[in-house]
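Respectively, the protein sequence lines represent chains A and B.
Going by the numbering used here, 248 is the number at position 248 of the first sequence; the sequence numbering is gapless.
Going by the numbering used here, 264 is the number at position 264 of the second sequence; the sequence numbering is gapless.
FYI, nobody ran anything at the bench for these hints, they're computed from the structure.
These numbers come from a predicted model, not from an experiment.
Misleading hints may appear alongside valid ones.
[What the hints assert, rightly or not] Covered stretches of chain A, as calculated for chain B (at least 3 residues, CB under 8 Å):
(1) 96 to 103
(2) 122 to 133
(3) 166 to 174
(4) 199 to 210
[Claimed, not checked] Only pairs whose alpha carbons sit at most 30 Å apart, straight line, appear in this in silico DSBU-like list of lysine-lysine:
(5) Lys-69/B to Lys-150/A
(6) Lys-143/A to Lys-362/A
(7) Lys-48/B to Lys-124/A
(8) Lys-69/B to Lys-272/A
(9) Lys-226/B to Lys-210/B
(10) Lys-91/A to Lys-69/B
(11) Lys-363/A to Lys-73/A
(12) Lys-363/A to Lys-307/A
(13) Lys-150/A to Lys-425/A
(14) Lys-226/B to Lys-272/A
(15) Lys-91/A to Lys-48/B
(16) Lys-176/A to Lys-272/A
(17) Lys-440/A to Lys-210/B
(18) Lys-69/B to Lys-440/A
(19) Lys-176/A to Lys-307/A
(20) Lys-85/A to Lys-425/A
(21) Lys-425/A to Lys-69/B
(22) Lys-282/A to Lys-272/A
(23) Lys-85/A to Lys-176/A
(24) Lys-91/A to Lys-210/B
(25) Lys-119/A to Lys-48/B
[To be verified] Here are the computed distance ranges between Cβ atoms for each label pair:
(26) Thr-117/B to Val-151/A: 53 to 61 Å
(27) Asn-81/A to Thr-272/B: 44 to 52 Å
(28) Glu-69/A to Ala-97/B: 57 to 65 Å
(29) Leu-72/B to Ser-104/A: 35 to 43 Å
(30) Asn-81/A to Trp-6/B: 57 to 65 Å
(31) Pro-211/B to Ser-104/A: 20 to 28 Å
(32) Ser-104/A to Thr-272/B: 41 to 49 Å
(33) Glu-139/B to Ile-312/A: 30 to 38 Å
(34) Ser-104/A to Ala-18/B: 27 to 35 Å
(35) Ile-26/B to Pro-380/A: 58 to 66 Å
(36) Ala-131/B to Gln-437/A: 34 to 42 Å
Every residue gets a Cβ at the ideal spot worked out from N, C-alpha and C, and that includes glycine.
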Amino acid sequence: MGRKTLSIAMALVVVLAVVAAGCITGSTTSTSSPSATSTASTAPTSSTQKQVTVVIYGQWGGVEGQNFESALKVYEEEHPNVKIKYVIQSKLRDAVLTELATGSPNFDIAILPWPALIKELGEKGQLEPLNSIVNYYNGEIQKDLLNMVKVGDTYYAVPIKAWAKPGIWYNIPDFKKYNLTPPKTLDQLEQDCKVFEEHGIQPMASGAADKWPLTDIFEAVLIRIGGPQLHNDLMLHKIKWTDPRVLEAFKILRDLIKEGCYGNPQTAIGEKWEAQVPRLAKGQVAMYFMGNWIVLMLEKEGAQPGKDFGLIPFPVINQSAKFAIVAGGDWVVIPKNAPHKEAAMELAKWLAGPQYQEIMVKKKGYLAPNLKVPLSAYDPMDAKVVEWMKEYGVVPDLDDNAPPGFQPIIWNKLFEFWANPDDYKQIAEQLEQYAEQYYKS
Amino acid sequence: MGGRRWLTKDFFILMTPAFVLLLIFIIYPLLNTFYLSFTHWDGMTQPKFVGISNYREMFHDPLFWTSVKNNLFIFIVFLPLVTLVGLGFAVLLHNKAVFGRNVLRGLVMLGMVMPMTVVGIVWMLLLDPHAGIVNRILEIFGVAPRAWIQDPSTAIYFVILGSLWAWQGFTTTVFLAGLEGLDVEVLEAAWIDGANAWQRFRYVILPLLKPALIVVVTMSAIYILKVFDLIYVLSGGESVPMYLFVLAYMVYYEIFYNFRWGYAAAIATLLTVSVFVFSLGMLKRMISERGVESG
Numbered sequence: 001m002g003r004k005t006l007s008i009a010m011a012l013v014v015v016l017a018v019v020a021a022g023c024i025t026g027s028t029t030s031t032s033s034p035s036a037t038s039t040a041s042t043a044p045t046s047s048t049q050k051q052v053t054v055v056i057y058g059q060w061g062g063v064e065g066q067n068f069e070s071a072l073k074v075y076e077e078e079h080p081n082v083k084i085k086y087v088i089q090s091k092l093r094d095a096v097l098t099e100l101a102t103g104s105p106n107f108d109i110a111i112l113p114w115p116a117l118i119k120e121l122g123e124k125g126q127l128e129p130l131n132s133i134v135n136y137y138n139g140e141i142q143k144d145l146l147n148m149v150k151v152g153d154t155y156y157a158v159p160i161k162a163w164a165k166p167g168i169w170y171n172i173p174d175f176k177k178y179n180l181t182p183p184k185t186l187d188q189l190e191q192d193c194k195v196f197e198e199h200g201i202q203p204m205a206s207g208a209a210d211k212w213p214l215t216d217i218f219e220a221v222l223i224r225i226g227g228p229q230l231h232n233d234l235m236l237h238k239i240k241w242t243d244p245r246v247l248e249a250f251k252i253l254r255d256l257i258k259e260g261c262y263g264n265p266q267t268a269i270g271e272k273w274e275a276q277v278p279r280l281a282k283g284q285v286a287m288y289f290m291g292n293w294i295v296l297m298l299e300k301e302g303a304q305p306g307k308d309f310g311l312i313p314f315p316v317i318n319q320s321a322k323f324a325i326v327a328g329g330d331w332v333v334i335p336k337n338a339p340h341k342e343a344a345m346e347l348a349k350w351l352a353g354p355q356y357q358e359i360m361v362k363k364k365g366y367l368a369p370n371l372k373v374p375l376s377a378y379d380p381m382d383a384k385v386v387e388w389m390k391e392y393g394v395v396p397d398l399d400d401n402a403p404p405g406f407q408p409i410i411w412n413k414l415f416e417f418w419a420n421p422d423d424y425k426q427i428a429e430q431l432e433q434y435a436e437q438y439y440k441s
Numbered sequence: 001m002g003g004r005r006w007l008t009k010d011f012f013i014l015m016t017p018a019f020v021l022l023l024i025f026i027i028y029p030l031l032n033t034f035y036l037s038f039t040h041w042d043g044m045t046q047p048k049f050v051g052i053s054n055y056r057e058m059f060h061d062p063l064f065w066t067s068v069k070n071n072l073f074i075f076i077v078f079l080p081l082v083t084l085v086g087l088g089f090a091v092l093l094h095n096k097a098v099f100g101r102n103v104l105r106g107l108v109m110l111g112m113v114m115p116m117t118v119v120g121i122v123w124m125l126l127l128d129p130h131a132g133i134v135n136r137i138l139e140i141f142g143v144a145p146r147a148w149i150q151d152p153s154t155a156i157y158f159v160i161l162g163s164l165w166a167w168q169g170f171t172t173t174v175f176l177a178g179l180e181g182l183d184v185e186v187l188e189a190a191w192i193d194g195a196n197a198w199q200r201f202r203y204v205i206l207p208l209l210k211p212a213l214i215v216v217v218t219m220s221a222i223y224i225l226k227v228f229d230l231i232y233v234l235s236g237g238e239s240v241p242m243y244l245f246v247l248a249y250m251v252y253y254e255i256f257y258n259f260r261w262g263y264a265a266a267i268a269t270l271l272t273v274s275v276f277v278f279s280l281g282m283l284k285r286m287i288s289e290r291g292v293e294s295g
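Whenever a hint applies, use it, and build me the whole structure from the sequences.
Below is the structure:
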């Protein structure tokens, strides 16, 4: 083989490789034009003839994932031409963003719990507007949850699950054993903490190692200081993190941490949130501020609602502050370039409807954003949460609705606060500096 | 021209698949990352060319400097530690008098064969403040339990310790291979000349292990400069605390939380260049050592 032939052969190989690599780039850049989307949308998936496999990305695993898959079977039975593949993505954000960046995602539907991210993706033309589904259910879907994903007049997602962080779950036998009543005020909470501490029971758990539970506790204190208005103002950065009322929230928590209400400060920061559920069920921890989803987990530990565990709102701090419950949800989104958009739209419509949501509600630990689901379908503890939501009103989750890059900063800074509660002023200042940067952009 | 006799048809046929794969999966992404580092790109809209603005921003970003500081601290502590531990284990396991040394050789490799996520989970379980065995043992000696991994004052040391546990299998293996390959006659000559064990190690074995040492230092440096997974797992996934930020995590954070692919590409480029420059330096050194040996 002559040198010339070899050179040509090598050049051909290089060209081929670059073309192949270029295909990757090509698809990358195609993302960038959101308007040039929709070839896949008209793919002949239709619902009546061809067999279609709709791929859903989500992060529900364990019992929740199994319940979801069993509910999907109902849809498959009713739509024999549709197969649904549910893929649990432990790194859901990474998977969704990476695939959207390639311009040809492998999924038709993603279940996302981040409204701020959904809005950002919608604004950048990555998601299909779902107004048709919202209009179809005309007023049946909880407005608060819909508004969280609305940009202008466009809804970029529909909620298919709601959750709430209603208050403190407490171990009833622990309270009975020491003749204590569940605290209604901050003073009572501090007194109860002292009694539990004296008897070697950790008064409250925080789940600090996972960081996000700390924002929930912080939000509860904030609401009890200045009501939903203060919470909302901080979420939208209408007030600063160094506002005296925000600093008061830090100070109250600092005192609780230093008094040992959250156990030994040196070990409290290492507590994973899920590991605290069995501790609460066993009475090793007396109280735990957490979302409604732990009902199912507590029952799995053998604890019975009303007998072994109960629920109270976070104790009153400022009598004049209106109470509200932090609530959020999981939303379905459909990418503009979804492989089977038509079938995905049909399925999303069903997921946003009362039939699917009633199935899930009956499996417990699940609140329905569709108001057509009757209260009688709920487990008594979940029904109580739903009633509270109606009675007190809901506010969106602060960190979930903050700019996406700011969310982990809130988590991290509150974690640093938990580790060094005396540094709260410095931490509030740092949070403010970051907030100015993120809310400006 | 006789030196190019290896440029045959077979050579090209055999090299082509590897070359194509290298081009698609290494060279192209590298060049593309380099290009992206000069753009503003959110991963969704068209990249916009911005010149060196990402690099300029990087040097004014406090988070970048925190990451550099952490990377350097981990690098400086880890590198001598993993080298010494590897050398120590290798010398120990080379000794035929050590009971059950074959089993021990397998155990030493355990950390290396485990995926880093598993290593992270094992460490978390061991160091759990309530159920972890480490705190239970320390309690016996009167040390109060602590959340070692999460505590801002101790967290970085446990990243180093976890990395050491995982990586020392590699360094031990390389040093062991070096020891096995030593010329016995040279050692015997030193022994006959009256050198004691320490003198034999210091003046005969260690100089002969230099090539192995260079491999260990180079590979360990590359490994630790890219550290990401262990920090990610130990921090519980999505929320690595700022006091544990390293450059590799910052790349991830800028992409998936701030949608700043261009800025992340600039950091990735800098990291790649640092690793490349260090490796090149070590490689040159190795080649010159070989040159001295053979020359």
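Cross-check of the supplied hints:
no.: 1; hint: 96 to 103; verdict: holds (count 3)
no.: 2; hint: 122 to 133; verdict: holds (count 3)
no.: 3; hint: 166 to 174; verdict: violated (count 0)
no.: 4; hint: 199 to 210; verdict: holds (count 3)
no.: 5; hint: Lys-69/B to Lys-150/A; verdict: 42 Å, violated
no.: 6; hint: Lys-143/A to Lys-362/A; verdict: 23 Å, holds
no.: 7; hint: Lys-48/B to Lys-124/A; verdict: 15 Å, holds
no.: 8; hint: Lys-69/B to Lys-272/A; verdict: 28 Å, holds
no.: 9; hint: Lys-226/B to Lys-210/B; verdict: 24 Å, holds
no.: 10; hint: Lys-91/A to Lys-69/B; verdict: 28 Å, holds
no.: 11; hint: Lys-363/A to Lys-73/A; verdict: 15 Å, holds
no.: 12; hint: Lys-363/A to Lys-307/A; verdict: 20 Å, holds
no.: 13; hint: Lys-150/A to Lys-425/A; verdict: 35 Å, violated
no.: 14; hint: Lys-226/B to Lys-272/A; verdict: 27 Å, holds
no.: 15; hint: Lys-91/A to Lys-48/B; verdict: 28 Å, holds
no.: 16; hint: Lys-176/A to Lys-272/A; verdict: 27 Å, holds
no.: 17; hint: Lys-440/A to Lys-210/B; verdict: 55 Å, violated
no.: 18; hint: Lys-69/B to Lys-440/A; verdict: 28 Å, holds
no.: 19; hint: Lys-176/A to Lys-307/A; verdict: 11 Å, holds
no.: 20; hint: Lys-85/A to Lys-425/A; verdict: 49 Å, violated
no.: 21; hint: Lys-425/A to Lys-69/B; verdict: 25 Å, holds
no.: 22; hint: Lys-282/A to Lys-272/A; verdict: 16 Å, holds
no.: 23; hint: Lys-85/A to Lys-176/A; verdict: 48 Å, violated
no.: 24; hint: Lys-91/A to Lys-210/B; verdict: 43 Å, violated
no.: 25; hint: Lys-119/A to Lys-48/B; verdict: 22 Å, holds
no.: 26; hint: Thr-117/B to Val-151/A: 53 to 61 Å; verdict: 37 Å, violated
no.: 27; hint: Asn-81/A to Thr-272/B: 44 to 52 Å; verdict: 49 Å, holds
no.: 28; hint: Glu-69/A to Ala-97/B: 57 to 65 Å; verdict: 59 Å, holds
no.: 29; hint: Leu-72/B to Ser-104/A: 35 to 43 Å; verdict: 40 Å, holds
no.: 30; hint: Asn-81/A to Trp-6/B: 57 to 65 Å; verdict: 59 Å, holds
no.: 31; hint: Pro-211/B to Ser-104/A: 20 to 28 Å; verdict: 48 Å, violated
no.: 32; hint: Ser-104/A to Thr-272/B: 41 to 49 Å; verdict: 27 Å, violated
no.: 33; hint: Glu-139/B to Ile-312/A: 30 to 38 Å; verdict: 34 Å, holds
no.: 34; hint: Ser-104/A to Ala-18/B: 27 to 35 Å; verdict: 28 Å, holds
no.: 35; hint: Ile-26/B to Pro-380/A: 58 to 66 Å; verdict: 59 Å, holds
no.: 36; hint: Ala-131/B to Gln-437/A: 34 to 42 Å; verdict: 40 Å, holds
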